[in-house]
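There are 2 protein chains.
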Amino acid sequence: MSYCVALKLSDGMIFMSDTLTNGGLDNISQYPKTFSWGIEGERQIFLTTAGNLATSQAVISTLSEQTKVQDERSPSILQAPTMFQVARTISETLAQIIEVTAKGQQMGERAFSATFILGGQIKGGRQRLYLIYPEGNFIEVSEENPFFQIGETKYGRPILIRGFEPNMSFEDAIKLLMVSFDSTIKANLSVGPPLDIHIYEKDSFESAHIIKINSKDPYFNMISDEWGKALKDSLATLPSYKFDADE
Amino acid sequence: MSYCVALKLSDGMIFMSDTLTNGGLDNISQYPKTFSWGIEGERQIFLTTAGNLATSQAVISTLSEQTKVQDERSPSILQAPTMFQVARTISETLAQIIEVTAKGQQMGERAFSATFILGGQIKGGRQRLYLIYPEGNFIEVSEENPFFQIGETKYGRPILIRGFEPNMSFEDAIKLLMVSFDSTIKANLSVGPPLDIHIYEKDSFESAHIIKINSKDPYFNMISDEWGKALKDSLATLPSYKFDADE
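Chains R and G supply the protein sequences, listed in that same order. 97 is the number that this note's numbering gives to position 97 of the first sequence; each next residue is one higher, with no gaps. One rule links them: number in this note's numbering = place in the second sequence (from 1) + 1000.
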């Protein structure tokens, strides 16, 4: 499994992903799961992925190839006029790759599926965040709850639901994400560091600021320790259950 | 889905379960998911269940029938000499019921499966806690991490991992369970109140103290509100991420 989260903030967008991939417990590797393409000053596009590694690599490679040679840039995510068109291109690419791979294979379990979060901004438009399903359709993030999670989402969801505010600073958002990732890593062997963080500043159209968090990162380990203590302290401050006098 | 947790404490055992069952979003009912049998002063047995309702009801009914008539009490969980034998009886019953139901049906998805947590104590023995799989095998809880969860386990797991101590009081354990259930209910529509809590006091061999928590329960709602605030406060007290000066 993977764990990836993308937040849409007032100030910009943050994409965070782990790097652990596995094809069985004895076949573990590290691959980046967040990718970006852009034209400085004009557009920035980010894609983070969970699911079958071969499928997601094929999608990333196909998209990258289409951006390399000027003449072959059609359909290219670097030429699409809107983020909506970018989402369509990526979702069509994804659906095609799954269809080709799955053909002639055992159907049933959707073993070749992958899910993407697409975010970005193109000059003239607002910053947009989409969730692209393996079936090739997609949804945009809601204004009420402007974040998406993919992969092993459940362990880290309660704190996101309670802690996320769209107008929080990048610094506070990174802290929140670290807590969410820490809860996931503590509970699930298939999600692990290094963690990649891509930070895009709204209306900058400049490539992301990238932070790599390895397992010895002092800030991440401090958050992990302190969060454990803070949770215990919080529990301790809540009043205990009281049995009725007649019980 | 369901969410059920059983804790093995120094003072006894606690079983907590929700009551929501659904066969699709428009077919929602409430059924208890924790059951008990016992002979006062001699043995107490608790069973909590997640999965297919027809399967778990069939298991519960079969077990109950075998305990009603003295002559038909073989194999009966009220006659088994040890909790291990009780676990064997239940797991065999479960495997048989799934096999009979699934026969001649579409296989593939394990639609008739159910999982149980069995806890209890029989005079002369220690209190025991087992997880019974749909396949009919079972494991006992570890001394290091003496709790089991079944059903929709992931949302409420991080706080259990960090907050649970085997020597905590019943009152504190109930508080911890309420936080774990609240996190789950907040994130997942298929888990909901009323919540049932069964509390067994170690070496008492007396039937459980039962608490029913409905959606208007003042303690549960206080915990839900205060926990949300406490989480936000805890997040606020942790130092925010700091970008390097040269970034």
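Wrong hints could be hidden among the right ones.
[Said to hold, decoys possible] Pairwise CB distance ranges, derived in the manner of DEER restraints:
(1) R:E140 <-> G:T1101: 39 to 45 angstroms
(2) R:I39 <-> G:D1026: 22 to 28 angstroms
(3) G:I1210 <-> R:E144: 27 to 33 angstroms
(4) R:M222 <-> G:N1137: 39 to 45 angstroms
(5) G:Q1085 <-> R:T237: 42 to 48 angstroms
(6) R:Q85 <-> G:I1210: 56 to 62 angstroms
(7) G:K1229 <-> R:K202: 45 to 51 angstroms
(8) R:E140 <-> G:D1026: 25 to 31 angstroms
(9) R:V100 <-> G:E1226: 49 to 55 angstroms
(10) R:N214 <-> G:P1166: 30 to 36 angstroms
Derived from the structure by calculation, the hints contain no laboratory data. Glycine is no exception: its CB is placed at the ideal position from the N, C-alpha and C atoms.
### Query
Looking back at the numbered hints, which does the structure fail to meet, lowest number first?
2, 3, 7
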